Amino acid sequence: MGKNIDWQNLGFSYIKTDLRYRSHWKDGAWDDGVLTEDNCVHISEGSTALHYGQECFEGLKAYRQRDGSVALFRPDQNAARMQASCERLLMPTIPTEKFIDACVQVVRANLDYLPPYGSGGALYLRPYVIGVGDNLGVRTAPEFLFSVFCVPVGAYFKGGLTPANFIVSRYDRAAPHGTGAAKVGGNYAASLLPGHLAKERGFADAIYLDPETHTKIEEVGAANFFAITRDGRFVTPQSPSILPSITKYSLLHLAKERLGLEVEEGDVYIDRLDEYQEAGACGTAAVITPIGGIQNGDDFHVFYSETEVGPVTRRLYDELVGIQYGDVGAPEGWLVKVE
Numbered sequence: 208m209g210k211n212i213d214w215q216n217l218g219f220s221y222i223k224t225d226l227r228y229r230s231h232w233k234d235g236a237w238d239d240g241v242l243t244e245d246n247c248v249h250i251s252e253g254s255t256a257l258h259y260g261q262e263c264f265e266g267l268k269a270y271r272q273r274d275g276s277v278a279l280f281r282p283d284q285n286a287a288r289m290q291a292s293c294e295r296l297l298m299p300t301i302p303t304e305k306f307i308d309a310c311v312q313v314v315r316a317n318l319d320y321l322p323p324y325g326s327g328g329a330l331y332l333r334p335y336v337i338g339v340g341d342n343l344g345v346r347t348a349p350e351f352l353f354s355v356f357c358v359p360v361g362a363y364f365k366g367g368l369t370p371a372n373f374i375v376s377r378y379d380r381a382a383p384h385g386t387g388a389a390k391v392g393g394n395y396a397a398s399l400l401p402g403h404l405a406k407e408r409g410f411a412d413a414i415y416l417d418p419e420t421h422t423k424i425e426e427v428g429a430a431n432f433f434a435i436t437r438d439g440r441f442v443t444p445q446s447p448s449i450l451p452s453i454t455k456y457s458l459l460h461l462a463k464e465r466l467g468l469e470v471e472e473g474d475v476y477i478d479r480l481d482e483y484q485e486a487g488a489c490g491t492a493a494v495i496t497p498i499g500g501i502q503n504g505d506d507f508h509v510f511y512s513e514t515e516v517g518p519v520t521r522r523l524y525d526e527l528v529g530i531q532y533g534d535v536g537a538p539e540g541w542l543v544k545v546e
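Following my numbering, the residues of the sequence shown are numbered contiguously, the last one being 546.
If you're looking for bench data, these hints aren't it; they were derived computationally from the structure.
Predicted model, so just to flag it, every value in this text is computed and none were measured.
Glycine is no exception: its CB is placed at the ideal position from the N, C-alpha and C atoms.
Only true hints are included.
Restraint-style ranges between C-beta atoms, simulated for each label pair:
1. E472 to V248: 35 to 41 Å
2. E539 to E244: 36 to 42 Å
3. R521 to A396: 30 to 36 Å
4. F507 to A382: 27 to 33 Å
5. A287 to K233: 20 to 26 Å
6. E244 to D505: 51 to 57 Å
7. R521 to L343: 51 to 57 Å
8. D506 to S276: 47 to 53 Å
Below are the SDA-like pairs computed for lysine to any residue, each with C-alpha atoms no more than 20 Å apart in a straight line:
9. K210 to G327
10. K406 to A493
11. K305 to Q284
12. K423 to L480
13. K423 to A382
14. K223 to N246
15. K423 to D474
16. K406 to N372
17. K544 to R315
18. K365 to G529
19. K463 to G536
20. K423 to E472
21. K544 to D308
22. K423 to D478
23. K463 to V519
24. K223 to L318
25. K210 to G361
26. K544 to Q284
27. K233 to G340
28. K233 to Q290
29. K233 to L297
30. K423 to P447
31. K223 to Y335
32. K223 to F356
33. K305 to W541
34. K233 to T300
35. K365 to W214
36. K210 to V360
37. K544 to A287
38. K210 to S276
39. K406 to S220
40. K544 to A316
Input sequences plus hints: build the corresponding full structure.
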């Protein structure tokens with residue numbers, strides 16, 4: 208470890224690392240891409256990313272495993288999701304092989320920033336595609352930039368896995384039949400105000416209901432929602448407005464194949480929360496955030512506990528994190544070794 212980093216006190220904030228990957232699309236093709244020390248992007252003032260929101264991004268992690276090796280967690284799934292986001296915004300897609308190769312190059316070039324096994328940290332990768340080039344009208348860009356940079360991040364929960372409380376927002380995260388299923392910046396821009404208002408009231412973040420009927424849970428802040436029913440089923444919302452979380456689909460697989468639970472993607476009605484004994488939010492950053500309670504209007508519903516983590520949530524968390532750090536055997540294809 209050549210960098211003077213306090214691994215035990217890393218948060219989730221920007222740290223400039225040594226090298227990042229850049230590839231340029233012009234005249235119908237991506238170039239081979241290069242690694243660069245420059246962490247600033249120089250683009251035309253007319254770039255569609257600046258004016259019309261033509262951009263998308265991803266988030267994934269590389270882990271130092273128990274045996275000393277380094278592995279990316281399911282990068283093919285991030286590649287597929289980025290391809291879907293690009294298609295939704297009329298941007299050229301990144302081939303899966305190119306996407307994974309870019310991620311591997313960035314991890315290898317920044318190994319000194321990879322938190323050691325046992326620290327609870329990981330190397331977070333942020334791939335993105337933006338529309339660039341001289342432009343003025345509302346149209347797809349003449350050129351595009353694909354880049355991947357990385358930042359060391361610490362354990363999300365400093366004091367161990369801890370439940371958090373959330374409040375139902377009266378704002379919508381995305382429009383019906385809009386871009387909710389794509390990982391585009393506009394969805395996050397729309398969430399800044401409701402998230403701020405939730406935190407002002409002492410909650411961890413906002414919960415968004417389906418934009419058409421406002422009767423069903425869709426997302427929790429920037430994460431997907433799941434719950435465990437009183438008869439032990441793993442349930443997660445299904446909607447064309449939900450971002451398809453790779454963590455969520457990993458948990459669906461593990462709940463069924465490793466824990467033997469019945470799993471279901473379906474409707475989670477906000478007025479029927481008493482059907483669930485546990486609940487959580489899942490995503491790349493925290494893996495799982497247990498949900499203690501949800502404030503909906505004047506009603507505050509507590510699931511398992513506001514202070515203790517439910518047993519099924521705990522088992523799912525331990526199984527998934529164990530796979531990521533090499534403590535538990537991974538399903539075939541889930542880990543891509545970097546070195």
